[in-house]
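Chains as they are written, first to last, in the numbering used here: chain P, 92 to 248; chain L, 8 to 167.
Derived from the structure by calculation, the hints contain no laboratory data.
Because the structure is a prediction, the values reported are computed rather than measured.
Every residue gets a Cβ at the ideal spot worked out from N, C-alpha and C, and that includes glycine.
Any given hint might turn out to be false.
From the structure, some residues in chain P lie toward chain L, with a derived Cβ separation under 7 Å [what the hints assert, rightly or not]:
#1 V136
#2 P137
#3 L164
#4 E179
#5 A180
#6 D185
#7 K209
#8 P213
#9 Y232
#10 D234
#11 G235
#12 L245
#13 V247
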Amino acid sequence: MTTTEPRSRSREATDQVTAFFDAYRRHEVDAMTDLCADNADFFYVPFEVWGKQRVLRGDGKVKTVGKTIWVGLIASFPDLFTDVHSVEANDTGDVVVTCDIGGSQQLAWGAAEPRGQKFSEPHLFIFHVDGDGLIDRISAYWDGAGINRQLGHLEVD
Amino acid sequence: MKLFTRKDQAEDQAGAAAEVTPARTVSAFLTAFGKRDVEAALSVVDDAVRVDIHPTGLREGGSADLRAFLIETATAFPDLLVTVKNLIETGSVVTAELKVEGTQAAGYLGAINQEKHLDVDQAWRFTVSGDRVTAVDAYWCQNQLYRRLAVKRLDQISLV
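All chains, full assembly: derive it from the sequences and hints.
In C-alpha cells form, the structure reads like this:
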C-alpha cells in the first residue's frame with residue numbers, strides 16, 4: 092500500500108504564495124486574485140494619495156482595492172518585474188517574502204508623471220494563507236520615496 | 008533551609024535556555040527600543056549583525072550603524088512609542104509589523120525639527136541565531152515619514 096504524506100501547512104502556504112508571485116510575474120491579475128479568498132484583506136501600507144478633501148489609502152480587500160492597484164501598476168509599468176529573494180513560512184499559514192519590484196514608467200503613477208524612468212525597490216510582503224489554502228491577508232511595505240526619487244518625482248505629496 | 012538542590016538548579020537553567028526563542032529575542036529588542044534603551048536593545052544583537060535599513064539607504068551595515076540609527080531615533084523622539092501589531096516567527100526569521108510614534112524634538116534623518124507628530128507603520132525582519140539577532144532588515148515609507156515631519160521635497164529635506 093502506498094501512503095502519501097499530507098503536505099504541511101507551511102509547504103502548502105509557500106506553494107500558494109509562490110503561485111501568486113508567478114502570476115504577478117506574468118501580469119495575470121485575475122490569476123493572482125483567484126489564489127485569494129473572496130474576502131481577503133489587503134494592506135499596501137505605504138500607499139497614500141493625498142487629495143484636498145481626503146486621503147486614499149491602500150487598505151481594503153484584495154478583490155477590490157488590491158486588484159485595482161495591480162492593474163494600474165502594470166499599466167503604468169508595462170515591463171513590471173518581481174524578483175523574489177526569500178520565502179519563509181510557518182505552520183499557522185504565515186508567509187514572509189522579500190523581493191524587488193521594478194519597471195519602466197510609461198503612464199502616470201499616483202502623482203508621479205511619466206518621465207520614462209525606471210525603478211527597482213526592495214519590498215517586504217506578509218501573507219496569511221487560510222485552512223482552505225487560500226490567501227486571506229496581504230500586507231506589503233516598501234519605501235515610496237525610494238521609488239519616487241528613481242522616477243524623478245521629488246515632491247513629497 | 009535549602010531552597011534549591013543542585014538538580015533543581017540544573018533543571019531551572021535548562022528550562023531558561025529552552026525558553027529562548029527567536030520571537031522572544033526580537034521582542035526583547037523591540038521592547039528596549041520602545042523604551043529608548045539602546046544598550047538593552049543592542050544586548051541581544053550579534054556584533055557581526057548585518058543591517059539593511061532600506062529607507063535610509065543603509066545596505067549591509069553593521070552594529071555601529073544600527074546603534075547610530077537607534078540613538079538618532081531615541082534622541083529625536085523623547086516620547087517614542089513603538090507598538091508591535093504583529094510578530095511572526097518563521098523558523099529563525101522573525102518579522103514584526105509595528106507602528107512608530109512620537110513628537111519630533113531634534114533633527115531626524117535629515118529633517119529639521121518642527122515639533123511634528125510622527126506615526127509611521129513599519130516592518131522589521133530579523134534573523135536570529137541562538138539568542139542573538141544576526142540580521143536586521145527594516146522597511147517603511149520615507150515619503151510618509153517626511154510628509155508627517157512637514158518636509159516638502161525629497162531633494163530639499165532640510166528646508167522648510
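Hints, verified against the model:
no.: 1; hint: V136; result: holds (5 Å)
no.: 2; hint: P137; result: holds (3 Å)
no.: 3; hint: L164; result: violated (16 Å)
no.: 4; hint: E179; result: holds (4 Å)
no.: 5; hint: A180; result: holds (6 Å)
no.: 6; hint: D185; result: holds (5 Å)
no.: 7; hint: K209; result: violated (17 Å)
no.: 8; hint: P213; result: holds (5 Å)
no.: 9; hint: Y232; result: holds (4 Å)
no.: 10; hint: D234; result: holds (4 Å)
no.: 11; hint: G235; result: holds (4 Å)
no.: 12; hint: L245; result: holds (5 Å)
no.: 13; hint: V247; result: holds (5 Å)
Consistency with the previously given hints fails for numbers 3, 7, ordered from lowest to highest.
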